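Asks: Sequence lines, in order, name chains A and B. Each step along the first sequence adds one to the number in my numbering, with nothing skipped, and position 19 is 377. Each step along the second sequence adds one to the number in my numbering, with nothing skipped, and position 89 is 447.
Take these hints with a grain of salt, some might be off.
In this list, chains with the same sequence are indistinguishable; a pair is considered to hold if it fits within one copy or across any two.
Unchecked claim - Below, a list of computed lysine to aspartate or glutamate pairs in the EDC-like style, where the Cα atoms sit at most 16 Å apart: (1) Lys423 / Glu379; (2) Lys427 / Glu379; (3) Lys427 / Glu394; (4) Lys427 / Glu382; (5) Lys423 / Glu382; (6) Lys427 / Glu454; (7) Lys415 / Asp371; (8) Lys415 / Glu379; (9) Lys423 / Glu454; (10) Lys442 / Glu454.
These are computed hints drawn from the structure, not numbers from a lab. Remember, it's a predicted structure, so these values are computed and weren't measured experimentally.
2 protein chains.
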Amino acid sequence: MSTALTVNSYFNDQVKSIALENAEGTSTVGVMAVGEYEFGTSQREYMTVVSGALTVKLPAQTDWKSFAKGDTFIVEANQSFQVKVEETTAYLCRYE
Amino acid sequence: MSTALTVNSYFNDQVKSIALENAEGTSTVGVMAVGEYEFGTSQREYMTVVSGALTVKLPAQTDWKSFAKGDTFIVEANQSFQVKVEETTAYLCRYE
């Protein structure tokens, strides 16, 4: 087999991800460099911290919430959310 | 900050990874396409399945062992190990 693995790059290469499809569904695994980012969703996203930590302001929330390694947060489709990254962080984003 | 995130590619692009350094240490997060691979280590590696599954023959072992999402196996430095990938799989590899 020769499946090309797709790498995507965002925010001037400060966020990179690799796409995958398996029994769990469609996901990307990626890394965010230190910084602040705003992401938009087109599907429901299940974001899991794989290494590091994320501080997140979820849609329609005013408070920031911290997520450590192993934690998951969910963002509905067609929303935007803000992320502060204080150490380089790996994540798994599963789409639904 | 403008930290370049490094993407590496192995086995004719069937395995790709993104490097990161944070409080947990030095790691790569990556994806393996369906296939069979033999990896060599230069440091001790803690390999964790992030999504999917890996079937692994560890150094000096004759049996294959399956690792599911969330499972970790350890390979000492300067060893080689074989991996069978039956569905596209994301992993975290922490170096020590």
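Asks: Please go over all the hints and tell whether each is borne out by the structure.
Replies: We went through each hint and held it up to the structure:
no.: 1; hint: Lys423 / Glu379; result: neither (29 Å within a copy, 23 Å between copies)
no.: 2; hint: Lys427 / Glu379; result: between (22 Å within a copy, 14 Å between copies)
no.: 3; hint: Lys427 / Glu394; result: neither (18 Å within a copy, 29 Å between copies)
no.: 4; hint: Lys427 / Glu382; result: between (20 Å within a copy, 10 Å between copies)
no.: 5; hint: Lys423 / Glu382; result: neither (26 Å within a copy, 21 Å between copies)
no.: 6; hint: Lys427 / Glu454; result: neither (22 Å within a copy, 18 Å between copies)
no.: 7; hint: Lys415 / Asp371; result: neither (22 Å within a copy, 36 Å between copies)
no.: 8; hint: Lys415 / Glu379; result: neither (28 Å within a copy, 24 Å between copies)
no.: 9; hint: Lys423 / Glu454; result: neither (23 Å within a copy, 30 Å between copies)
no.: 10; hint: Lys442 / Glu454; result: neither (24 Å within a copy, 27 Å between copies)
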